[in-house]
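Start from chain A and add chain B according to the hints.
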Amino acid sequence: MTLTTINLAALGDTINLGTEVTGTLPTGNGGTGSTATTFVNAATNVTGTLATTNGGTGATSFTPGKLLQVQNFTTTTSITTTSTSFAATILTDQITPSATSSKILIFINGGRSSYQTGQSEGVQSLYVSVGGGGYSEVVSMMESHVNGGTNGYGKPATAFNYLHSPNTTSTLDYKVYIKTNTNGYVINSNNARICMSLMEIAA
Amino acid sequence: MTNLEKFFTALNTLRANTECTVNGDIVTEDNFNNNIQWTTGVDGEMAITVPSCPHSELTWTAVKAEMDKL
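Protein chains in written order, with this note's numbering: chain A, 1 to 203; chain B, 1 to 70.
Chain A on its own, in the form it takes in the complex (with noise of 0.2 angstroms):
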């Protein structure tokens, strides 16, 4: 026969749970199923590799990401210049590389090019200070001929990837210049929106 309840009541009697309670309470009836008396302190007390089998990697150590920090900046500000000389836009932004072995991922893109009184041909070039100094060129980014759309020729948007490898840890300040050949010419008109990105990346 097969003891299911105990009646406490009729025997007048009661259990110590803290002192007299051992064995296995299945887990059908809210157990465990252990049989285990004492547990490890996860917090403190494991170390090495979790087995790929357990749910883990099999590492025993990771590689910090590469992706170290980002900035931005957009505007839906019209740039135009009649210069024929590169001069400075208000498209710039800044970052500080946590090591001179970082390397600086850049995007500008979008905006809208276009002219004032005529057909122009611009040309965009990314120049960079470093540490509050002057201003030198980067990388020439695109040159472009816009006009109404006559002989083939349109209003391009900027497009503009480029990895940096500015070997300091200053800060830099990365500014778009631009100049045309002749009449005015627009970057970003319309309010058409462009961007600029910097990203560090770990060596």
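Hints may contain errors.
Claimed, not checked - Below, a list of computed lysine-lysine pairs in the BS3-like style, where the Cα atoms sit at most 30 angstroms apart:
hint : chain 1 : residue 1 : chain 2 : residue 2
1    : B       : Lys6      : B       : Lys64
2    : B       : Lys69     : A       : Lys155
3    : A       : Lys175    : B       : Lys6
Said to hold, decoys possible - A short list of chain A residues far from chain B (calculated; beta carbon distances all over 10 angstroms):
hint : residue
4    : Thr27
5    : Gly55
6    : Thr60
7    : Leu67
8    : Val70
9    : Asn72
10   : Gln94
11   : Gly110
12   : Val130
13   : Gly154
14   : Pro166
15   : Thr169
Hint data in this document are derived by calculation from the structure and do not stem from the laboratory.
Cβ coordinates follow ideal geometry from the N, Cα and C atoms, glycine included.
The following block gives chain B in isolation, referenced to the frame of chain A:
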């Protein structure tokens, strides 16, 4: 014709081949005084610019009058 088109046309009328860089629109005297970098020379590939108009014939009054004709 947009304000910027009027502005650059007026500039050409008053002083042809004036070199400047405009960030934003030119509608008010405040825009005229604050949104323009005027090219005054060249240093290598880079323009030498100043924030105040260095050309006596290009006052806001004169530019605005030309813009209003368009």
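Verification of the supplied hints:
1. Distance check on the hinted pair: B:Lys6 and B:Lys64 sit about 9 angstroms apart at the alpha-carbon level, within 30 angstroms; holds.
2. A hinted pair counts as satisfied when its Cα atoms are at most 30 angstroms apart, and B:Lys69 with A:Lys155 qualifies at roughly 28 angstroms.
3. A threshold of 30 angstroms between alpha carbons decides the hint, and for A:Lys175 with B:Lys6 the separation of about 28 angstroms falls inside it, so the pair holds.
4. With a least CB separation of 70 angstroms from chain B, A:Thr27 remains clear of the 10 angstroms interface cut-off, as annotated.
5. With 10 angstroms as the threshold on Cβ separation, the claim that A:Gly55 sits away from chain B holds: the shortest Cβ distance comes to roughly 56 angstroms.
6. For A:Thr60, the condition that its CB be more than 10 angstroms from all CB atoms of chain B holds, with the nearest at approximately 53 angstroms.
7. Chain B leaves A:Leu67 outside its interface by the beta-carbon criterion, the shortest separation being 31 angstroms against a cut-off of 10 angstroms.
8. Remark: the non-interface label on A:Val70 is consistent with the geometry, its nearest Cβ contact in chain B lying 24 angstroms away (cut-off 10 angstroms).
9. Listed as outside the interface, A:Asn72 is consistent with that label: its C-beta sits roughly 19 angstroms from the nearest C-beta of chain B, beyond the 10 angstroms cut-off.
10. With a cut of 10 angstroms on Cβ distances, A:Gln94 stays outside the contact zone with chain B, its closest approach being about 18 angstroms.
11. With a cut of 10 angstroms on Cβ distances, A:Gly110 stays outside the contact zone with chain B, its closest approach being about 16 angstroms.
12. For A:Val130, the requirement that its beta carbon stay farther than 10 angstroms from each beta carbon of chain B is met, with the minimum near 16 angstroms.
13. In this structure A:Gly154 is separated from chain B by more than 10 angstroms, as the shortest Cβ-Cβ distance comes to about 18 angstroms.
14. Non-interface status of A:Pro166 relative to chain B is upheld: no Cβ of that chain comes within 10 angstroms, the nearest being about 19 angstroms off.
15. Every CB of chain B is more than 10 angstroms from the CB of A:Thr169 (nearest about 26 angstroms), matching its label as outside the interface.
The structure fails none of the hints (numbered hints given earlier).
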